[in-house]
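A.B. asks: Chains as they are written, first to last, in UniProt numbering: chain Z, 1 to 413; chain U, 1 to 413; chain E, 1 to 413; chain X, 1 to 413.
Calculated from the structure, these hints are not laboratory results. It is possible that some hints are incorrect.
To be verified - Residues on chain X that point at chain E, a partial pick, calculated with CB under 8 angstroms:
1. ALA2
2. ILE3
3. ARG74
4. ALA108
5. VAL109
6. GLN294
7. LEU297
8. ALA298
9. ARG313
10. ARG382
11. ILE385
12. ALA386
13. ARG394
Using N, Cα and C, we set each Cβ at its ideal position, and we do this for glycine too.
Number of protein chains: 4
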Amino acid sequence: MAIEFDIDPHVADIARRTTAFVREHVLPAEEECRGDVHAGPEPLRRGLQEAARAAGVFAPHVPVRWGGLGLDLRGQAVVFEAAGYSLLGPLALNCAAPDEGNTHLLDAVATEEQRARFLAPLAAGETRSCFAMTEPSPGAGSDPRALATRAERIPGGWRIDGRKWFISGADGAAFTICMARTGGEPGDPGGATMFLIDAGNPGMKVVRNIGTLDRALFGGHSELALDACEVADDAVLGEVHRGFEYAQVRLGPARLTHCMRWLGVARRAQDIALDRAAGRRAFGGRLAELGMVQQQLADSEIDIETSRAVLWRACWELDQGRPGAQLTSIAKTFVSEAVGRVVDRAVQVCGALGISEDIPLASLYREVRPFRIYDGPSETHRWAIAKRAVRAARERGPGEPAREAAPTRGGGA
Amino acid sequence: MAIEFDIDPHVADIARRTTAFVREHVLPAEEECRGDVHAGPEPLRRGLQEAARAAGVFAPHVPVRWGGLGLDLRGQAVVFEAAGYSLLGPLALNCAAPDEGNTHLLDAVATEEQRARFLAPLAAGETRSCFAMTEPSPGAGSDPRALATRAERIPGGWRIDGRKWFISGADGAAFTICMARTGGEPGDPGGATMFLIDAGNPGMKVVRNIGTLDRALFGGHSELALDACEVADDAVLGEVHRGFEYAQVRLGPARLTHCMRWLGVARRAQDIALDRAAGRRAFGGRLAELGMVQQQLADSEIDIETSRAVLWRACWELDQGRPGAQLTSIAKTFVSEAVGRVVDRAVQVCGALGISEDIPLASLYREVRPFRIYDGPSETHRWAIAKRAVRAARERGPGEPAREAAPTRGGGA
Amino acid sequence: MAIEFDIDPHVADIARRTTAFVREHVLPAEEECRGDVHAGPEPLRRGLQEAARAAGVFAPHVPVRWGGLGLDLRGQAVVFEAAGYSLLGPLALNCAAPDEGNTHLLDAVATEEQRARFLAPLAAGETRSCFAMTEPSPGAGSDPRALATRAERIPGGWRIDGRKWFISGADGAAFTICMARTGGEPGDPGGATMFLIDAGNPGMKVVRNIGTLDRALFGGHSELALDACEVADDAVLGEVHRGFEYAQVRLGPARLTHCMRWLGVARRAQDIALDRAAGRRAFGGRLAELGMVQQQLADSEIDIETSRAVLWRACWELDQGRPGAQLTSIAKTFVSEAVGRVVDRAVQVCGALGISEDIPLASLYREVRPFRIYDGPSETHRWAIAKRAVRAARERGPGEPAREAAPTRGGGA
Amino acid sequence: MAIEFDIDPHVADIARRTTAFVREHVLPAEEECRGDVHAGPEPLRRGLQEAARAAGVFAPHVPVRWGGLGLDLRGQAVVFEAAGYSLLGPLALNCAAPDEGNTHLLDAVATEEQRARFLAPLAAGETRSCFAMTEPSPGAGSDPRALATRAERIPGGWRIDGRKWFISGADGAAFTICMARTGGEPGDPGGATMFLIDAGNPGMKVVRNIGTLDRALFGGHSELALDACEVADDAVLGEVHRGFEYAQVRLGPARLTHCMRWLGVARRAQDIALDRAAGRRAFGGRLAELGMVQQQLADSEIDIETSRAVLWRACWELDQGRPGAQLTSIAKTFVSEAVGRVVDRAVQVCGALGISEDIPLASLYREVRPFRIYDGPSETHRWAIAKRAVRAARERGPGEPAREAAPTRGGGA
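Hey, can you work out the whole structure from these sequences and the hints?
C.D. replies: Put into structure tokens, the structure is as follows:
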């Protein structure tokens, strides 16, 4: 099998329809709400998803048995990028965070009963969900092992106590996948368990919705209090004590799907900048003929193409069932930073207009900053990337000409 | 056909053997001459190529009919990277610049007779060649249209007059592919023709070998004088007036093969840095545990993996016979700059040792700087990238949500 | 006289009092309105300015004869930085844009009568003002010569027609200093005149307030329509046709005072990051002990100190009455970009908290992005910097070892 | 006293004469030896110093009582920059490393007898010296506390054993200031002592001269072996056990004088780039009219002016006798990196010519890379800068609006 970048015609077809759908249905909706859906307007969501279903582009990542289009990660990469062209595109296709990642997690780990109860309606867009891992300092943050929320055994179930914050989509979610410590102490690398908690559970409350720089995450980011929150035994997702492991199951692909959607944002920003540069005159010529503007446009093209290439490669790795942690970290770090640069340059090319709300750039600018922090800040990923590279170097022994001097299996370091 | 990163087993096998060959035969030779082959020591070249032939890795890019391994660009990408791990690896495999690009050009454009006379011995490593396009200011440089060397019709042939410089490998080359103006004036976009000039031609002289920062180009870089240099009609390569067009035929792949070899250099530098970081202690811990060192190591891993991904993508594009100018420019610009950063960081990680000649980093540091200038400086490529992007934006018309919001054919913008 | 960085005790005293005043009075007010004063809440402004007057720190830049503290630019640099620590500090001291620049302009150019009528109440904080130069594309923007607003001679005065936008503080301003073309065509380097237009003039209307990324400019940014706006002869500020020249009188110092205030913002962001790093634990240690965090903190210290040094130097240059365009451009470009980096790093160091509205960083992040566009985008300044440097190089002639190899008068290139 | 950037007329005069001297005497000498003086050609040195003396610019930093011009650091900043315009300028003025730093150290710490014997001839250019601190890994490097060379008490003196490397100027030095451990173990923060060792001492040998990327340090960099090297009691410089402390006395100013000389290098490179841009035509216009070239030229102007400003500030701090460690680290880190960027851009602007030895840029490029490693690599300085900033933040306590919100004494953080 040789290196190949062609896109499956079936995937290409969905991508084309997604592009048309975004243009006709989603961009107008985005303009209307100015990309701000932190309040979680249900009618908007329902309407968009209805239209996506009609366009045949709904739930591209969801397995066919749950009513989706069943694309693998490479297929998702193409379609999610098309959807990400609008901040609301992924919501319309029901492939936005955190629901998209939760769908994957439930499909991989849940019991058949849990799937019927939680996954089926989620995949169909009838409900929303959230994933509650992050805690206020000094709890779980960029270092998940700091997990402090605790679940104690009670007869027939568990009692959970703790505080979560920055829980995206919590306000309005039908259920929460909550990470709690069933063993060990904060700082220990094991001992975490995932629990499925219904929205109605009296022990769990949305304390507040946190104001943030970004606005386009449906339902916003909330702080949750778990006070003697009791759940039955069947609330355990997967097995007790394997929560950190499952988090990786969720996070690997989730990092890549983030990148796919962000790449759409970058393309949107760059298109706005290109239009502006092609149309506007300054200093006796077209903006697009000024060297410093060209440099910015070119750098953004470079950022976009390299992002897509490394992202596709990481997707392929995971699609092969290989441990793709290194490439996933590399893709997440590079793409999140590249997207930030692209949007920043687009703002600069558009000048005053770029910082006005007359065009969506200012909104995109606010939106992309958190990418470098979500799902592991760049620093945490760089730390992990370096550690893996050093470990590999140690294994081969000093002086040796290193790993096979070229990849012979396509895989990363 | 889906996106695929697996490597053909045949290619993987050649790459593995190349890696072993470089370790056993080439690295010791490189150490001996300290990576300096500007003087063009023939016995060294002959010996290395003999060994490569014995190892079954000679001429991976050369079509099978001319005695090579017949790899396409994607296959070359894998093998050339392995070869590039040593500065002399490509020379050993007979896939170094400028011979490798000339082989490709002759195969694509030459008459059968010219192929027998020039290509066959070149492909076999019996001769070397050079490509004479660049001229001292104000002649052809980053802007090839400034071409000033002129060929005038004489009975039965042409008389060429002009000055060339930075002609790599000219000293000792059996023949020169020389670009001269057969029509128009300097600045005109057409009117160039390529000529095959034998080394013995009394009208062409190597005036001097230019001292440069780099040292690893076999034969160095020379200045040539063409004074009433007469050639027969059969010295014309391809057709009269199509020289600029052929230059593109040569340059597209040549830019990518440069990137492949450079990527090997980057891997070498990074391996040295990893070894050093894994082994050395400072500030009460291992260097590899210091955050700022980790950041440098991680950034270099990111640079290497993204470089490889975008490079492979550009190779695929050309292998499909598609116009890959945009992706080729992107790959050339990104990879040449990424490789420079990787080597620079490796020097920094190794400290005083890194700038000493005790290890090869100082030599690699000198070697990679010109990459950002050779084969079109970064600025020229960025200008071209921006122009193509703006043209595409204009074609779709302002306001429209842009090109298909995701690639559906795998190709670049 | 030798190079000297000591601060005049009188200035140091004002700076100290400003710091205390900001802490006690301004930061609480800023928190209350979350740094958003685009709506122009008059009671807030009045209250803050009252308090500043009581603290003896009101109007540090205003000449003593108009009731201010009469500091030169170097004195302002120290005090404005202290004021800029809060987004509302400059408003409190009546040294915010655009009033501060207009005060300077009126003092330099206005007739005694105009001063009494416009400058006196402005300096006292009784009124606000605006400066109407920028126009929607293709009018005056980064290239002021594109000025399209036109003033025609009418008996006893002028009739002005045009469109202005991004006019900061226009909503609520008692008067507008409006730039209009009294000669030539858009693109011509001369022919502009400044007019003083009262808020009540029926020919000038605030069409709308533009939504923007930033929020802390009192009164926001508005779009103005001038439709047959008639003014008397005494509305001309300075002389007819000298508008572009006066714009430079205003812009030189205005760029530097922007930098001073921004530097305060950078210090604020860095202090937040330092506090966070000093207090928070992660990965088994304090955040402040992680190398990648240290790198960000150090880079911000470097950005702040170099910014201050080059800014002070440019101030000194203008204080000497020298043409400081080159150093002013350099300071504006460097400081605006450095401040952006400092705030960006602070956000990253603070992680999720950094993008929440729980702390002011997200707000500072939005606020500083426009700095690279206001008062000449970085690209325009770089173009001007390069042009001046090349001109100087040409004047000395090629080959010569250049300008005096070291500055001997303290001045810039 | 107010912030002041004027240059003392006396200093300005020396700087002017230095500029003229460099142009007339030093640049020709540099060209002749191609900036390579690692072999330490004594006649060249003698000749240049003779000429400098004649021009009245010899030894600007040396106290008047030792025959120098007695400039303080601010005066040195101006004059050394002028000298640094040529790689050999500082050698000519006898203010090159390491002699310049040793002069300062001896003047500050040595006994009167030691001064007569070592300082007097050194200041007069009759001898050269070296400073032996750095050791091969795992000895003293970026972490000086790792010092492993040991001095044991013997009757009437000391016996020193150890290995030193990268000892600049050792080959040909009349004496060595050698740092050895008289107490504690490698890793301990104290216990070091400085010894003055005559070149003739049989226990100290130059084992080899290390090949390095740079070439312009007179005498090159050597490896020294100390084998039972015996010295008398009067060889101790200053007091026993205070070696680390004295190293700081030497290093503070030495870092700044490095920056001064490097700034001259940056100016040289930028002047070459400006000349090239002003003179060369490409793409139908002058190079200097291409936006991407302008951007590079402007960025270099910005780098040079900000470097000079922050450097002067650090000099002033030390001239006041204040602890200037923070600003010294900031200046060293910023200037060494800025100079590297300036030279790199100049190479890029000059294209192929830039990497040829036809002009001095390739040589400057090799020369400046080590600046980021010498005298503390950037990483060590950033670590120290962050630590000091965090400590300051902790002292003021969290939540407080930080250090005085503006400097009121001119000093750094």
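A.B. asks: Less than 8 angstroms between beta-carbons is the criterion; does X:ILE385 satisfy it with respect to chain E?
C.D. replies: Since the shortest Cβ distance to chain E is 4 angstroms, the answer is holds.
A.B. asks: Under the criterion of a CB-CB separation shorter than 8 angstroms, is X:ARG394 in contact with chain E as hinted?
C.D. replies: holds, 5 angstroms
A.B. asks: Holds or violated: is there a CB of chain E closer than 8 angstroms to the CB of X:ALA386?
C.D. replies: At about 4 angstroms, which falls below the 8 angstroms cut-off, the nearest Cβ of chain E leaves the hint on X:ALA386 intact, so it holds.
A.B. asks: Holds or violated: X:ARG382 as interface residue toward chain E, Cβ cutoff 8 angstroms?
C.D. replies: With a minimum Cβ separation of about 4 angstroms from chain E (threshold 8 angstroms), the hint on X:ARG382 holds.
A.B. asks: Given a cut of 8 angstroms on the nearest C-beta pair, is the interface hint for X:GLN294 held or broken against chain E?
C.D. replies: holds, 4 angstroms
A.B. asks: How about X:ALA108: closest beta carbon in chain E under 8 angstroms, or not?
C.D. replies: It is violated, given that the least Cβ distance between X:ALA108 and chain E is near 22 angstroms, above 8 angstroms.
A.B. asks: Per the CB criterion, is X:ILE3 less than 8 angstroms away from chain E?
C.D. replies: holds, 4 angstroms
A.B. asks: Given X:LEU297 was flagged as interface, is its beta-carbon under 8 angstroms from a beta-carbon of chain E?
C.D. replies: Check passed: Cβ of X:LEU297 comes within 4 angstroms of chain E, closer than 8 angstroms.
A.B. asks: Mind checking the CB of X:ARG74 against every CB in chain E and telling me if the closest is under 8 angstroms?
C.D. replies: holds, 5 angstroms
A.B. asks: Hey, does the X:ALA2 contact hint survive, CB to chain E under 8 angstroms?
C.D. replies: holds, 5 angstroms
A.B. asks: Closer than 8 angstroms between Cβ atoms is the bar; does X:ARG313 clear it against chain E? Give me holds or violated.
C.D. replies: With a minimum Cβ separation of about 5 angstroms from chain E (threshold 8 angstroms), the hint on X:ARG313 holds.
A.B. asks: Interface hint check: X:VAL109, Cβ to nearest Cβ on chain E, cutoff 8 angstroms. Holds or violated?
C.D. replies: violated, 26 angstroms
Hints 4, 5 from the list above are not met by this structure, while the remaining hints are.
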